[in-house]
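Colleague: These are the residues of each chain, in order.
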Amino acid sequence: MMKETLIDIRSLKKYYPVKGGIFRKHIADVKAVDDIDLQIHKGECLGLVGESGCGKTTLGKTLLNIHKATEGRIYFDQDKNEVEELEKLIAAENPDNLQKINKLRTKMDMTQYSRKAISELRRRMQIVFQDPSHSLDPRMLVKKIVAEPLVCQKLLGAEEIQVRLQQIMETVGLSKQHYNRYPHEFSGGQRQRIAVARALTTHPDLILMDEPTSALDVSVQSQILNLLKDLQKQFNLTYIFVTHHLLVVKFISDRIAVMYLGKIVEIGKTKAVFENAKHPYTKALLSAIPVPDPETEKERIILEGDVPNPIDPPNGCRFHPRCSYAVDICKKDLPLMENVDGDHSVACHRWKEIF
Amino acid sequence: MSNEQIDKAPEAIEMKSKQHPKLQEFLFSLKRFLKNPLSIIGLTIIISFALIAVFAPIIAPPYKTDNPYQIPHKGWAQEPQPPSVENPFGTMPEQYDIFYGMVWGTRNAFKIGFSIVFFNLIIGLALGTIAGYFGGIVDEIIMRIVDLFYALPFLVVAMALVVALGRGLQSIIIVMVVLGWRQYARIIRSEILVLRDKDYIQAARASGASHLRVIFSHILPNSIYSVLIVASMSVGTAILTAAALSFLGLGSGVGYADWGQIVSTCRNYIVGPPGNRLAYWFLVFIPGFVISLFVLGWNLLGDAVRDVFDPKMRRK
Numbered sequence: 000m001m002k003e004t005l006i007d008i009r010s011l012k013k014y015y016p017v018k019g020g021i022f023r024k025h026i027a028d029v030k031a032v033d034d035i036d037l038q039i040h041k042g043e044c045l046g047l048v049g050e051s052g053c054g055k056t057t058l059g060k061t062l063l064n065i066h067k068a069t070e071g072r073i074y075f076d077q078d079k080n081e082v083e084e085l086e087k088l089i090a091a092e093n094p095d096n097l098q099k100i101n102k103l104r105t106k107m108d109m110t111q112y113s114r115k116a117i118s119e120l121r122r123r124m125q126i127v128f129q130d131p132s133h134s135l136d137p138r139m140l141v142k143k144i145v146a147e148p149l150v151c152q153k154l155l156g157a158e159e160i161q162v163r164l165q166q167i168m169e170t171v172g173l174s175k176q177h178y179n180r181y182p183h184e185f186s187g188g189q190r191q192r193i194a195v196a197r198a199l200t201t202h203p204d205l206i207l208m209d210e211p212t213s214a215l216d217v218s219v220q221s222q223i224l225n226l227l228k229d230l231q232k233q234f235n236l237t238y239i240f241v242t243h244h245l246l247v248v249k250f251i252s253d254r255i256a257v258m259y260l261g262k263i264v265e266i267g268k269t270k271a272v273f274e275n276a277k278h279p280y281t282k283a284l285l286s287a288i289p290v291p292d293p294e295t296e297k298e299r300i301i302l303e304g305d306v307p308n309p310i311d312p313p314n315g316c317r318f319h320p321r322c323s324y325a326v327d328i329c330k331k332d333l334p335l336m337e338n339v340d341g342d343h344s345v346a347c348h349r350w351k352e353i354f
Numbered sequence: 000m001s002n003e004q005i006d007k008a009p010e011a012i013e014m015k016s017k018q019h020p021k022l023q024e025f026l027f028s029l030k031r032f033l034k035n036p037l038s039i040i041g042l043t044i045i046i047s048f049a050l051i052a053v054f055a056p057i058i059a060p061p062y063k064t065d066n067p068y069q070i071p072h073k074g075w076a077q078e079p080q081p082p083s084v085e086n087p088f089g090t091m092p093e094q095y096d097i098f099y100g101m102v103w104g105t106r107n108a109f110k111i112g113f114s115i116v117f118f119n120l121i122i123g124l125a126l127g128t129i130a131g132y133f134g135g136i137v138d139e140i141i142m143r144i145v146d147l148f149y150a151l152p153f154l155v156v157a158m159a160l161v162v163a164l165g166r167g168l169q170s171i172i173i174v175m176v177v178l179g180w181r182q183y184a185r186i187i188r189s190e191i192l193v194l195r196d197k198d199y200i201q202a203a204r205a206s207g208a209s210h211l212r213v214i215f216s217h218i219l220p221n222s223i224y225s226v227l228i229v230a231s232m233s234v235g236t237a238i239l240t241a242a243a244l245s246f247l248g249l250g251s252g253v254g255y256a257d258w259g260q261i262v263s264t265c266r267n268y269i270v271g272p273p274g275n276r277l278a279y280w281f282l283v284f285i286p287g288f289v290i291s292l293f294v295l296g297w298n299l300l301g302d303a304v305r306d307v308f309d310p311k312m313r314r315k
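Those protein sequences? They're chains Y and D, same order as listed.
Here numbering that gives the first Met the number 0 is used: the first residue of the first sequence is 0, the next is one more, and so on.
Here numbering that gives the first Met the number 0 is used: the first residue of the second sequence is 0, the next is one more, and so on.
Note that these hints are calculated values from the structure, not bench results.
Do not rely on the hints blindly, as some may be mistaken.
[Stated by the list, open to error] Sample of chain D residues at the chain Y side, in silico, Cβ under 7 Å: (1) Pro20; (2) Asp198; (3) Tyr199; (4) Gln201; (5) Ala202; (6) Ala205; (7) Ser206; (8) Gly207; (9) Ala208; (10) His217; (11) Pro220; (12) Asn221.
Quick reminder that beta carbons are idealized off the backbone N, C-alpha and C, glycines included.
Just chain Y, same shape as in the assembly (with noise of 0.2 Å):
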């Protein structure tokens, strides 16, 4: 059974630009971002893991345009059959076509999108962040908080908005006595509900939840991770989930997918990738978790080098440099996505060979 797709990504990039010399000058790229695809089901929750710097968070914040992507075509709920003829129009490079593509994506294409349809996206999709002493307005009530994305919206009046807010915070577990308080008020779990209540109000589709637990205490991390799962299957809400943290994204992800600066390598079910991945660097990721139980005995993978600078990375595949099974081929060419079966893909050109 095919599931519905929610969001396409078709050769998404982002580049920081940098600039040096008296003058400013345009000199190099920092590729955060670099040519991905990347399919997301409704409903579906999305972990996406790698190392710090490795893009996820970017990739993430390109797709809610809270950053402009460089180049790509992001599809937000476009019908499969009119997207897949415009990559067609695209990929035949036809100059003829030219005008027609442009008008295909200024309707269809989130990155080409006026300011105003993209405002009106914004209502279906939400970002939870990292740490919400951060990501909550310090000298703002919680009421006003919450209720911000429907007063910008201008979706309801202000007694369905109180009504809105009154639902919301009893579903992330706030009561009524909350809200005339400032986020210093709170313990850090229930600052994190009440920003998953804030990207909850609009009643969006799909949220980005940009390492949600990552700043919480551990005895906190399970609760706000249960409410989240909760939360989804109640609102039927589809997940990014941005993480480093490999259990988390085990407990709660449907699929996963690895990132290796700025690209994909490896993508699947989650338990698919993590009984048989395929790929050196998600194999180094998976033998980095701690087992609980001091008896048994690791193959651990220990990774030399750090993370290429993402503005020279390196020729042929990006991990050769300190990939153990490197062999020439891996120096030259980059490896393209293979299927392995069903919906696991990897991205090396050995994976047959090596494991």
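Chain Y is fixed; fit chain D onto it per the hints.
Modeller: Just chain D now, with coordinates in the frame of chain Y:
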């Protein structure tokens, strides 16, 4: 879903939350303010001056009701007279009454201080906010204009402008607004540069808040306090500078009730005749003391405002 902290909310918090939180914050600020003896001294000084300014017509009834700022004088004798029953603070050259000048000058002092700081705030806040928030080329243009204004030599421009606009207090105010807004623009811009990339600003933008809304409901409430602190401290400085400009002869003419002008009128009599160098002490001492007291009051008040508003000092 377990939620223990919330269920355990103690009754004390419930009692407290009956007051509106804005009021609660205000009462907290007030309590902090009143705890500090220096802030009370500052407040007392400023309130006394305010009372003098308000009741000036009763304390020193004007003889010319159409122009009360004109100090009355008896005769044209040059020699200043020491304090007496008729002239409690003595007289200036041409027998202008110092007491009358000081009382009505209080009104002018408030006018000068407030209007300079007010206009500086408006211009500086508007330009600094735009520069800091939008960044890029807008920031570059506005901040280079600010640099340009920083490059102007104060006294030279002040004199040139006064010559162009004509002598008088209003010219002094204009000069100090033209040359004063720049520091507010820099302060608010630097505050906003810190705030601009904060998560809650991004969250507001992601919720679909417009630029105006982000500026007025998130950026300014979080950044304006440092500017307000500087503003409250610079009321005193503004009066001091205005007095200095008046002393240099850029203010209104002789006989106008303005503290700086009074000192200016008396400048030839600062040192007494040979044998009695301190004969005219009251000419320097009284206006000088009053100006110092006024500025001191504002500085103490500014310090208190900082203690109350600065989020870093606030909850200590």
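Colleague: Less than 7 Å between beta-carbons is the criterion; does D/Gly207 satisfy it with respect to chain Y?
Modeller: Holds: closest Cβ of chain Y sits about 4 Å from D/Gly207, inside 7 Å.
Colleague: Is the interface hint satisfied for D/Tyr199? The criterion is a beta-carbon contact with chain Y at less than 7 Å.
Modeller: Holds, because the Cβ-Cβ distance from D/Tyr199 to chain Y comes to roughly 5 Å (cut-off 7 Å).
Colleague: If you take the shortest Cβ to Cβ gap from D/Ser206 to chain Y, is it below 7 Å?
Modeller: Since the shortest Cβ distance to chain Y is 4 Å, the answer is holds.
Colleague: Return the status of the interface hint for D/Pro20: holds when the least beta-carbon distance to chain Y is below 7 Å, violated otherwise.
Modeller: 5 Å, holds
Colleague: Please check whether D/Ala205 passes as an interface residue: C-beta within 7 Å of a C-beta belonging to chain Y.
Modeller: 5 Å, holds
Colleague: Holds or violated: is there a CB of chain Y closer than 7 Å to the CB of D/Pro220?
Modeller: With Cβ-Cβ at 4 Å, under 7 Å, it holds.
Colleague: Would you check whether D/Gln201 satisfies its interface hint, that is, whether its CB is within less than 7 Å of any CB in chain Y?
Modeller: 6 Å, holds
Colleague: Hey, does the D/Ala202 contact hint survive, CB to chain Y under 7 Å?
Modeller: 5 Å, holds
Colleague: Could you check if D/Asn221 really has its C-beta closer than 7 Å to a C-beta on chain Y?
Modeller: Cβ of D/Asn221 sits 6 Å from chain Y, so the hint holds.
Colleague: With a cut-off of 7 Å on the beta carbons, see whether D/Ala208 makes it to chain Y.
Modeller: 5 Å, holds
Colleague: Next item in the hint list is D/His217. Is there a CB on chain Y closer than 7 Å to its CB?
Modeller: Holds: closest Cβ of chain Y sits about 5 Å from D/His217, inside 7 Å.
Colleague: Is the hint on D/Asp198 kept, meaning its closest Cβ partner in chain Y is under 7 Å away?
Modeller: It holds, given that the least Cβ distance between D/Asp198 and chain Y is near 4 Å, below 7 Å.
Taken one by one, the earlier hints all hold for this structure without exception.
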